[in-house]
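Colleague: The chain contents come next:
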Amino acid sequence: MNKEERYDIVIIGAGHNGTTTAAYLAKCGLSVCLLEERPECGGAQETCEPIAGVRIQPHAIANYGGSAPGWEQLELWKYGFRMDWKAGAIVPFNTDRYMTTTDGLSKVTDKDKMGYAKITGLLTDPPFFKDLMRATFWCPPHPPHVELNENTIPFMQVYKQHQPDMWTRELLEWTMFDLMDEYLDTEPFKVNQAWIALVSGAHGHMEGAAIPALCSVATVMPPAVAMPVAPRGNIHGYYHALLRCAIAHGAVVRTCCPVEEIIIEHDRAVGVRLRDDATWGAKKIWANKAVISAVHIKPTFLEMIGPRHLDSGFLQRIKDLSLKGGSLYMTHYLTRERLRVRPKFQTPGYRYEDYGSFTGPFFPNDSRELYFENVTEVMGHQRNLTIPPERAMYGMVASETYAECHPQSTRPGVYINGPQWMLVPTPEYNVDGMDAMEDKVKWNEYMRKALSQVVENLDSDNIIQILGESPREQEFRNTGMLGGSWYGLRCDRDQWWNERPLPELARYRVPGIDGLYLSHQSSAHPGGLCLMAVGYNLMHILIEDGIAEPGDWWYASPWYIPEEGKISAIPNRPSSVSTR
Amino acid sequence: MTTDDIFGHMFQEFPENSEWDVVIIGAGPNGLMAAAYLAKAGLKVALVERRYEIGGGLATEEILYPCYSSNPHVIYHMMVDYMPVIKDFNLDGPSLLWIKPNAQTAMVFEDGKSLLLTQMIEDTKDSISKFSFKDAVNFGKVMRSWRRIVDEIVAPATYVPTMTPIEMSMALQKTKVGQEMLELIEQSPLDIINNTFENDRVRALMLYASCMWGLDPRETGIGFFVPLLLDRGMNKCYCYGGSHKFASAMGREIIKAGGLILEHAEVSKIIMQNRRAVGVELAEGRTLRSKVVMSTLDPHTTFLDLVGAQHMDKDFKALIDGWKYDKWSFYTLHVASEEPPRYKCDDPWINDAFMTIFGIESTEQLLAHWDNVVAGKIGANFGGHATCETLHDPHLSDKPSKHISFFQMHAPYEIQGGWEKKAKEMEEAVLAKWQKAAPNMKRENIIMTVHETPVDIETRFPNMRRGGIKHGDYKPIQLGSFRPNQECSSTKTPIEGLYVCGASTYPGGLVLGGPGYLGANKVAEDLGVKKWWKTTPEMDRYIKTYLT
Ligand SMILES: Cc1cc2nc3c(=O)[nH]c(=O)nc-3n(C[C@H](O)[C@H](O)[C@H](O)COP(=O)(O)OP(=O)(O)OC[C@H]3O[C@@H](n4cnc5c(N)ncnc54)[C@H](O)[C@@H]3O)c2cc1C
Ligand SMILES: Cc1cc2nc3c(=O)[nH]c(=O)nc-3n(C[C@H](O)[C@H](O)[C@H](O)COP(=O)(O)OP(=O)(O)OC[C@H]3O[C@@H](n4cnc5c(N)ncnc54)[C@H](O)[C@@H]3O)c2cc1C
Numbered sequence: 001m002n003k004e005e006r007y008d009i010v011i012i013g014a015g016h017n018g019t020t021t022a023a024y025l026a027k028c029g030l031s032v033c034l035l036e037e038r039p040e041c042g043g044a045q046e047t048c049e050p051i052a053g054v055r056i057q058p059h060a061i062a063n064y065g066g067s068a069p070g071w072e073q074l075e076l077w078k079y080g081f082r083m084d085w086k087a088g089a090i091v092p093f094n095t096d097r098y099m100t101t102t103d104g105l106s107k108v109t110d111k112d113k114m115g116y117a118k119i120t121g122l123l124t125d126p127p128f129f130k131d132l133m134r135a136t137f138w139c140p141p142h143p144p145h146v147e148l149n150e151n152t153i154p155f156m157q158v159y160k161q162h163q164p165d166m167w168t169r170e171l172l173e174w175t176m177f178d179l180m181d182e183y184l185d186t187e188p189f190k191v192n193q194a195w196i197a198l199v200s201g202a203h204g205h206m207e208g209a210a211i212p213a214l215c216s217v218a219t220v221m222p223p224a225v226a227m228p229v230a231p232r233g234n235i236h237g238y239y240h241a242l243l244r245c246a247i248a249h250g251a252v253v254r255t256c257c258p259v260e261e262i263i264i265e266h267d268r269a270v271g272v273r274l275r276d277d278a279t280w281g282a283k284k285i286w287a288n289k290a291v292i293s294a295v296h297i298k299p300t301f302l303e304m305i306g307p308r309h310l311d312s313g314f315l316q317r318i319k320d321l322s323l324k325g326g327s328l329y330m331t332h333y334l335t336r337e338r339l340r341v342r343p344k345f346q347t348p349g350y351r352y353e354d355y356g357s358f359t360g361p362f363f364p365n366d367s368r369e370l371y372f373e374n375v376t377e378v379m380g381h382q383r384n385l386t387i388p389p390e391r392a393m394y395g396m397v398a399s400e401t402y403a404e405c406h407p408q409s410t411r412p413g414v415y416i417n418g419p420q421w422m423l424v425p426t427p428e429y430n431v432d433g434m435d436a437m438e439d440k441v442k443w444n445e446y447m448r449k450a451l452s453q454v455v456e457n458l459d460s461d462n463i464i465q466i467l468g469e470s471p472r473e474q475e476f477r478n479t480g481m482l483g484g485s486w487y488g489l490r491c492d493r494d495q496w497w498n499e500r501p502l503p504e505l506a507r508y509r510v511p512g513i514d515g516l517y518l519s520h521q522s523s524a525h526p527g528g529l530c531l532m533a534v535g536y537n538l539m540h541i542l543i544e545d546g547i548a549e550p551g552d553w554w555y556a557s558p559w560y561i562p563e564e565g566k567i568s569a570i571p572n573r574p575s576s577v578s579t580r
Numbered sequence: 001m002t003t004d005d006i007f008g009h010m011f012q013e014f015p016e017n018s019e020w021d022v023v024i025i026g027a028g029p030n031g032l033m034a035a036a037y038l039a040k041a042g043l044k045v046a047l048v049e050r051r052y053e054i055g056g057g058l059a060t061e062e063i064l065y066p067c068y069s070s071n072p073h074v075i076y077h078m079m080v081d082y083m084p085v086i087k088d089f090n091l092d093g094p095s096l097l098w099i100k101p102n103a104q105t106a107m108v109f110e111d112g113k114s115l116l117l118t119q120m121i122e123d124t125k126d127s128i129s130k131f132s133f134k135d136a137v138n139f140g141k142v143m144r145s146w147r148r149i150v151d152e153i154v155a156p157a158t159y160v161p162t163m164t165p166i167e168m169s170m171a172l173q174k175t176k177v178g179q180e181m182l183e184l185i186e187q188s189p190l191d192i193i194n195n196t197f198e199n200d201r202v203r204a205l206m207l208y209a210s211c212m213w214g215l216d217p218r219e220t221g222i223g224f225f226v227p228l229l230l231d232r233g234m235n236k237c238y239c240y241g242g243s244h245k246f247a248s249a250m251g252r253e254i255i256k257a258g259g260l261i262l263e264h265a266e267v268s269k270i271i272m273q274n275r276r277a278v279g280v281e282l283a284e285g286r287t288l289r290s291k292v293v294m295s296t297l298d299p300h301t302t303f304l305d306l307v308g309a310q311h312m313d314k315d316f317k318a319l320i321d322g323w324k325y326d327k328w329s330f331y332t333l334h335v336a337s338e339e340p341p342r343y344k345c346d347d348p349w350i351n352d353a354f355m356t357i358f359g360i361e362s363t364e365q366l367l368a369h370w371d372n373v374v375a376g377k378i379g380a381n382f383g384g385h386a387t388c389e390t391l392h393d394p395h396l397s398d399k400p401s402k403h404i405s406f407f408q409m410h411a412p413y414e415i416q417g418g419w420e421k422k423a424k425e426m427e428e429a430v431l432a433k434w435q436k437a438a439p440n441m442k443r444e445n446i447i448m449t450v451h452e453t454p455v456d457i458e459t460r461f462p463n464m465r466r467g468g469i470k471h472g473d474y475k476p477i478q479l480g481s482f483r484p485n486q487e488c489s490s491t492k493t494p495i496e497g498l499y500v501c502g503a504s505t506y507p508g509g510l511v512l513g514g515p516g517y518l519g520a521n522k523v524a525e526d527l528g529v530k531k532w533w534k535t536t537p538e539m540d541r542y543i544k545t546y547l548t
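Each protein sequence line maps, in turn, to chains A and B.
Mapping the first sequence onto this note's numbering, position 453 (from 1) lands on 453, and the numbers just tick up by one.
Mapping the second sequence onto this note's numbering, position 367 (from 1) lands on 367, and the numbers just tick up by one.
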């Protein structure tokens, strides 16, 4: 049998965020052990080949993280990171763009484009786009002593500096629709942006969510510019580079090692205990400096720490954290022919194949009333969708537009299309029960009908197979996706930035338990998406606590405010790298 | 307008052109091993893989999508006891766990009788004695002597450069064990088994176990494979967490040693300059230049597609053209079920067995089935082997307490009627046969099925041409110093700077740990790099006894 092991840092969960954290800390020279429950690392950052020659991405698809400091700091290129630019949303500014509505196409006007360019920081010279993104996602929440207002909130500072005419107090109160009504023109374009925000991490219709929601869209696909959205080797290819960065810096990675308990002695997290079926012989692994939970916040507190160390009031608040709003039903279609858009949605001179996978149809963008009807279906009624598929909103990746040299399907005469994704009720709260959406034949048909509003040849002659995946299945595959939530927890203002997941946990520390830190989408700002953001933000805190001492490669967020009495994460040298 | 115009340079990507000491094509077990040894030796190594994931045959994938993973290719690891890579990289313990069940290979018959090969010879004898006491005694005797052949000769020789047949027979004359082996070489598997055992069911099991990886039962000159495959067939290991964990563990060694792994990077060309291989070009356009290029692909892909016939002389091209792919491939049906298969038979251990053969009632039927396969048919007389993976590994199922199994059988690449049509029909036939052997494998128990045909194997891995699991047939003129041909069996090829070290190079296919290891040794020697690893004591003994 193996002896017990000891590391500086033990990280639970090798998903995107646990691995980013491992890479950062290993690069600081710390000894790091990364423990993963499944046989394969990656969490929701996965690619698979369920049918010979047919590759799909069951969870994450697009690289939203283009502005991350991690590209420079972790030097992912060294570990083979490459983009598939063909699949990027490269749509030149001067191309005519249209939005799909039930009546056909709605043209995106110049006012839309210019307004959008302005609010996302593309009109200044130099543009402040990247600063805006970094301020929103790549900065730890401020310490409690800092008052949050239009002068301190990072994205507000960015507007104040670069686009002062936009900088108003109301920006902090606005919904995304308020913001868009101010600067954009056509309703379908606004609805489209709000819906993409909704499935990209922010409920833009909530007051105060305007800028985070806008940034959640802009970070993946500003409507008029190229974005690094599709990594080569798909989303798991991005993950490989991250994991290898951690390994190259000495991190020890163990798969098939589910953690059952976080060992706490004298109010300090000192190690973890593994479940009996773990590969690893010794069932305890000790941490000298920190245990970092990069798994869902609910099992972290409710199961791995438990009532022995926590009071019931706190546990109740953890139980009450809402999983709503992030559950997606995902379908891929294996077809004999390429999908064809109905004539009424065909744009003159514009072909999806030419302009990247992430410009596939989003439908229908008619009006904000329809948007609200869809949102209420999912979040209000808490039962299976009753909205007719003709009016259901969804997004679709045109996967035939990946680079020809590595098509998603190498099966002769066969195309893989998708995923098509639709927001659906969270199984945990479905009044008809957790398994209410498990009739997949029915839901696959619902999805097919919805997509058929735009696509004309999605019929039984063309379809060879539909690969559907329910939120419940996503939760089984990856326990980090409780409720199938791709965002971990509800993503509105109450669970964002200084309030995510709870105000006292917002700085990644756990009051009352030393040496324990949080680094999962559900437990940390900015939440979901593969942004290398939680790890970067957490670095500031670990530097403050004297755990991480990074080398010259490190730079802190320019909007970061150190906590009083702690070591500042801002290096004692002139910042060698600017933020853009 | 591009991203750069708007944002400035977004972030750095892997460069368009780069320089390496060694570029290795294909991250199957052999490519991974070669890369791990050479990277740790201090060379700048890039391992380039076409798929989105490393591993080649070492795959564990969610093919019962969603929620159920399986090992669509390698599952039975037969050389764990001998592979130098295991010891050299400490791959038995914390990073990788091997499970070797005692109940190894079972055969169940329609009348409810069964046979079981176990790791413990005595247990196997007990089982055989149900059919023939004489065979049981013979089995004990023969296996003890065959195990010596494997231990002293065949296994260590797997990791030592090959010899010509004449050198080989001279060397083997030196010892009694060697002489025994020489006698076996001359016989066909069928002869060996018929001469050793009297009971037909015992013969059928032994024949299946020794020829299932592609030996022609009636061919002479390959008899030494019988002791190897029977002995190893009784010592198969399962890689806990799935076979891909073996690949991941080697991948980590490569990265730790400073090597690079590029996935989703199909090599479209081996770059030739002044008659030398000087690097590779990827389908996406990037180039990686290197002192040495090692290919683990099949000979046609390496030489005809990637190098190009114009860079070879006529005789050498003729050798490559003459390469023959495997005579059969596999058809596999993967199943997710509520319960594991429960076989109707007289031995409770069968339900724990690592591999269970059913559908085969006699040697005659087995031979007729194989003859059919070679002729491009599958008749009603087919049989095959099944494994319930979750018996050994709960991690494969994301849903608790569900089970994942597969049935696998020999199958032709080109089938009458075509696989498009035949695959689904076969599924019904297999399930019917399975249910006969294991009554609980009925529709209510089955959650999901998916099949993989020989064409599917080739679709996943174009280098497994015609579904060839060993990248080329096992016949005397494609084995030993003839694998892939006399010019290349040392792993060095007549093309300066180009080495071959996949399953089509000596010692051959399956996860033997041989070609990649030998390739690494050769390249280290040719580049004058100090080897950090030592030969194993078994290899030393073999070299001392037979090669000096
Ligand atoms: C359908 C869908 C679509 C998405 N689309 C996108 C997209 O296009 N772009 C994008 O950037 N993001 C997308 N996301 C979101 C993104 O995938 C996630 O936000 C991100 O992967 C979460 O990473 P994480 O590390 O926080 O959590 P996880 O990925 O959940 O990682 C947690 C890890 O911990 C492991 N684990 C759990 N319990 C234990 C235990 N007890 N012991 C040890 N290990 C354990 C899990 O197996 C898992 O590997 C999508 C997600 C979904 C579901
Ligand atoms: C169904 C099935 C079951 C099997 N079961 C077993 C078993 O139980 N036990 C056992 O020991 N063996 C088994 N095998 C055999 C085993 O998988 C192979 O013999 C072994 O994987 C060969 O290893 P390799 O490294 O030489 O090549 P491979 O494993 O074939 O790896 C070659 C790699 O090269 C890549 N590649 C191909 N073309 C290119 C290109 N142009 N550029 C870059 N990369 C490229 C491929 O994607 C692949 O990853 C099985 C095979 C099959 C098909």
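Because the hints were derived from the structure by calculation, they are not lab data.
Incorrect hints may appear among the rest.
Unchecked claim - Each pair of labels, with its calculated beta carbon distance range:
#, chain 1, residue 1, chain 2, residue 2, range
1, B, Q486, A, G551, 27 to 35 Å
2, A, E303, B, S401, 12 to 20 Å
3, A, K160, B, P15, 36 to 44 Å
4, A, F314, B, P394, 48 to 56 Å
5, B, S401, A, G380, 40 to 48 Å
6, A, P571, B, E339, 41 to 49 Å
7, A, N288, B, K174, 34 to 42 Å
Nothing here was measured: the structure is a model prediction, and the numbers come from that model.
For each residue, glycine too, the CB sits at the ideal point set by N, CA and C.
Colleague: Work down the list of hints and note, for each, if the structure agrees.
Modeller: Now for the hints, and whether the structure bears them out:
With their beta carbons about 54 Å apart, Q486 of chain B and G551 of chain A fall outside the hinted range of 27 to 35 Å. Between E303 of chain A and S401 of chain B the beta carbons are some 19 Å apart, a value that agrees with the proposed interval 12 to 20 Å. Checked against the given bound of 36 to 44 Å, the beta carbons of K160 of chain A and P15 of chain B, roughly 39 Å apart, stay inside it. Look at F314 of chain A against P394 of chain B: about 33 Å separates their beta carbons, and that is not inside 48 to 56 Å.
Against the hinted window of 40 to 48 Å, the Cβ-Cβ separation of S401 of chain B and G380 of chain A comes to about 35 Å, which falls outside the hint. Under the hint 41 to 49 Å, the C-beta atoms of P571 of chain A and E339 of chain B, about 60 Å apart, miss the expected range. For N288 of chain A and K174 of chain B, the Cβ-Cβ distance of about 57 Å falls outside the hinted range of 34 to 42 Å, so the restraint is violated.
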